[in-house]
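S.K.: According to our numbering, the sequence shown is numbered sequentially starting from 23.
These aren't lab readings, by the way, just hints derived from the structure by calculation. Using N, Cα and C, we set each Cβ at its ideal position, and we do this for glycine too. Errors might be hidden in some of the hints.
Derived DSBU-like pairs (lysine-lysine); straight-line CA-CA distance at most 35 Å [claimed, not checked]:
hint	residue 1	residue 2
1	Lys165	Lys180
2	Lys356	Lys159
3	Lys365	Lys51
4	Lys365	Lys159
5	Lys356	Lys113
6	Lys89	Lys51
7	Lys180	Lys51
8	Lys265	Lys114
9	Lys113	Lys265
10	Lys356	Lys180
11	Lys114	Lys266
12	Lys180	Lys159
13	Lys365	Lys266
14	Lys165	Lys51
15	Lys165	Lys356
16	Lys114	Lys89
17	Lys165	Lys365
18	Lys356	Lys51
19	Lys365	Lys180
20	Lys113	Lys89
21	Lys180	Lys114
Derived CB-CB ranges, DEER-like [to be verified]:
hint	residue 1	residue 2	range
22	Asp269	Gly102	47 to 55 Å
23	Gly102	Asp276	52 to 60 Å
24	Glu226	Lys356	43 to 51 Å
25	Asp251	His131	16 to 24 Å
26	Ala431	Leu203	20 to 28 Å
27	Lys114	Asp90	49 to 57 Å
28	Lys114	Pro250	15 to 23 Å
29	Gly167	Thr220	54 to 62 Å
30	Ala112	Ala425	32 to 40 Å
31	Leu446	Thr220	26 to 34 Å
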Amino acid sequence: MGSTTIRNFDVTVVGGGLAGMAASLHLAKAGFRVACIEPETGVRQPVGESLDWASPALLETVGLPWKDLIQSGIATYKRGVTMQLSQGEAKKFRPPLWVAQAPFNVVLHTIHVDRMRLDRKLQDLVVARGVTIIHDKATTVEKRGMRIVSIQTASGAKFDSPWFIDASGSLTSFLAREFNLPAVAYGPRKVCLWSYFTAPLAHEGTTIYLDPVRGVYQDWIWEIPIGPDTLSVGYVTTGEAMKKRRDQGLPVADIFGLQLARFPRLAALSLKDPGTLPRVTSFSCRTYRGVTGPNWIIAGEAASMVDPITSNGVTSALRHAEEASALIARSREKSELPYIARKLYNIRVLQLGRFFNGGIEKLVYDWPVRDRLGIERAATIYTNAAWSLNGLYSRLRPRGVLATVAFGALLNVFRAAAWTIYRLCDSRKT
């Protein structure tokens with residue numbers, strides 16, 4: 023075995039995705055010497071191109087103004103969400119107008135983004151700020167109780183730092199597994215198939231295609247215009263449903279094509295390039311408890327995987343990165359993170375993850391509410407609550423004890439309402 027190379031930085035960040043890059047950039051701006059450990063040598067193809075209405079302001083904080091992204095072709099306008107049923111008229115959703123009024127003044131515009139180009143642009147900003155990116159894989163942690171002393175990598179390097187951030191993503195969740203953190207899970211494991219098509223821009227918005235079946239867990243298809251003539255199209259279903267189709271001998275490309283064929287516009291897209299092989303990933307929606315320690319913080323999907331139908335993944339990653347790096351910056355002269363500040367971060371991550379995932383599961387994915395009220399009413403209940411609470415969080419930016427507790431109480435009111443609606447509809451099934 024070769025000798026260990028010891029590398030010293032002020033902060034070691036594990037993971038070079040959106041949350042890891044954003045955290046690295048915030049910390050470098052604050053004057054920290056930052057190392058970012060990322061096994062991939064290129065930018066990965068991520069899912070999460072339809073952004074919610076809180077994302078543009080967060081992108082501004084990392085030096086990516088949304089207007090510049092539009093002008094450079096990295097982004098397109100998202101002026102609402104359209105729900106298209108296989109049979110029936112399309113229904114358009116927009117955030118409630120009251121969140122744009124005083125005292126909240128939330129800006130009601132957002133964007134779709136070409137994530138490959140966006141992430142590459144962010145990586146360029148990170149490198150320009152002096153962050154050291156190491157293409158390696160974090161493998162083990164040296165600990166003293168709950169405190170991290172160092173992180174070792176597959177190449178034999180050892181990173182000693184006063185502070186650590188885990189932004190390794192939902193599939194790795196490096197520190198959550200290392201510390202055996204408990205998770206709150208929502209819904210079954212899901213599989214996502216997606217590809218890109220050349221097609222003219224139909225309208226400036228995301229389209230969600232649904233074909234509700236009574237008593238059946240909901241699958242769905244997205245259509246996101248990430249460029250003037252480029253569409254991202256994806257299909258999300260449960261792992262169990264995917265396994266049944268694969269057991270029937272259906273190739274992944276055929277499964278994808280058959281789902282698109284249910285909707286005339288998507289069928290026409292698939293016919294233009296019948297040989298398109300979709301990308302495949304799987305995910306479980308869950309939020310970990312206790313995502314901070316004395317000198318470490320978990321951020322992004324490593325802390326909380328939010329269902330992609332909520333469009334909240336990018337916002338969550340950028341929020342976590344901003345809050346985690348600010349907490350470390352405020353603790354620069356201390357030996358560990360303040361106990362209360364750590365607990366408040368844990369609470370905010372858990373409560374928001376539970377709110378988004380629990381709401382979408384009870385009101386849209388599962389069938390009792392959807393079958394009783396109809397998919398349009400169920401979706402309206404969810405989107406009005408989600409967009410309103412998301413706007414409030416963006417405006418109020420709860421950080422202290424009173425703000426975090428008050429906002430958490432408000433989230434719990436909406437979660438309790440969703441649970442009550444679900445139980446009422448479930449008890450009255452026919």
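S.K.: Determine for every hint whether it applies to the structure shown.
M.R.: Hint check results:
1. For the suggested pair Lys165 and Lys180, the alpha carbons sit about 13 Å apart, so the restraint of at most 35 Å is met.
2. Using a Cα cut-off of 35 Å, the hinted pair Lys356 and Lys159 holds, with the two alpha carbons roughly 29 Å apart.
3. Taken as a hint, the Lys365 and Lys51 pair is honoured in the structure, with Cα atoms around 25 Å apart against an allowance of 35 Å.
4. Distance restraint check for Lys365 and Lys159: the Cα-Cα separation of roughly 29 Å lies within the 35 Å cut-off, and the hinted pair is therefore satisfied.
5. A C-alpha spacing of about 53 Å is found between Lys356 and Lys113, which places the hinted pair above 35 Å, so the restraint is violated.
6. Among the hinted pairs, Lys89 with Lys51 is consistent with the structure: their alpha-carbon atoms are about 22 Å apart, no more than 35 Å.
7. Between Lys180 and Lys51 the CA atoms are separated by roughly 24 Å; this keeps the pair inside 35 Å, and the hint holds.
8. For a cut-off of 35 Å, the pair hint linking Lys265 to Lys114 stands: about 33 Å separates their Cα positions.
9. Note on Lys113 and Lys265: the hinted pairing holds, with a Cα-Cα distance of about 32 Å set against a maximum of 35 Å.
10. For the hint pairing Lys356 with Lys180, the CA-to-CA distance comes to about 23 Å; that is within 35 Å, so the pair holds.
11. For a cut-off of 35 Å, the pair hint linking Lys114 to Lys266 stands: about 33 Å separates their Cα positions.
12. Between Lys180 and Lys159 the CA atoms are separated by roughly 11 Å; this keeps the pair inside 35 Å, and the hint holds.
13. Between Lys365 and Lys266 the alpha-carbon distance is near 43 Å, which puts this suggested pair outside the 35 Å criterion.
14. For the given pair, Lys165 sits about 28 Å from Lys51 by alpha-carbon distance, which is consistent with the 35 Å threshold.
15. A distance of roughly 19 Å separates the Cα atoms of Lys165 and Lys356; the hinted pair therefore holds under the 35 Å criterion.
16. Among the hinted pairs, Lys114 with Lys89 is consistent with the structure: their alpha-carbon atoms are about 24 Å apart, no more than 35 Å.
17. Pair hint Lys165 plus Lys365 holds up; C-alpha atoms about 20 Å apart against a cutoff of 35 Å.
18. With a C-alpha separation of about 19 Å, the suggested pairing of Lys356 with Lys51 holds against the 35 Å cut-off.
19. Of the supplied pair hints, the one linking Lys365 and Lys180 holds, its CA atoms being roughly 29 Å apart against a limit of 35 Å.
20. Proximity of Lys113 to Lys89 is assessed by CA-CA distance (about 28 Å); at most 35 Å being required, the pair is judged to hold.
21. For the hint linking Lys180 to Lys114, the alpha-carbon distance of about 52 Å lies beyond 35 Å, and the restraint is violated.
22. At roughly 39 Å, the beta-carbon separation of Asp269 and Gly102 lies outside the given 47 to 55 Å, and the hint is violated.
23. The supplied range of 52 to 60 Å is broken by Gly102 and Asp276, whose beta-carbon atoms lie about 33 Å from each other.
24. Checked against the given bound of 43 to 51 Å, the beta carbons of Glu226 and Lys356, roughly 47 Å apart, stay inside it.
25. A beta carbon spacing of about 22 Å between Asp251 and His131 agrees with the range 16 to 24 Å that was offered as a hint.
26. Between Ala431 and Leu203, the C-beta spacing of about 25 Å keeps the proposed range 20 to 28 Å intact.
27. At roughly 28 Å, the beta-carbon separation of Lys114 and Asp90 lies outside the given 49 to 57 Å, and the hint is violated.
28. As the Cβ distance of Lys114 to Pro250 is approximately 21 Å, the hint placing it in 15 to 23 Å holds.
29. A hinted range of 54 to 62 Å holds for the C-beta pair Gly167 and Thr220, which are about 55 Å apart.
30. Ala112 and Ala425 have their C-beta atoms about 39 Å apart, which keeps the hinted 32 to 40 Å range intact.
31. Take Leu446 and Thr220: their Cβ atoms lie about 47 Å apart, and the range 26 to 34 Å is violated.
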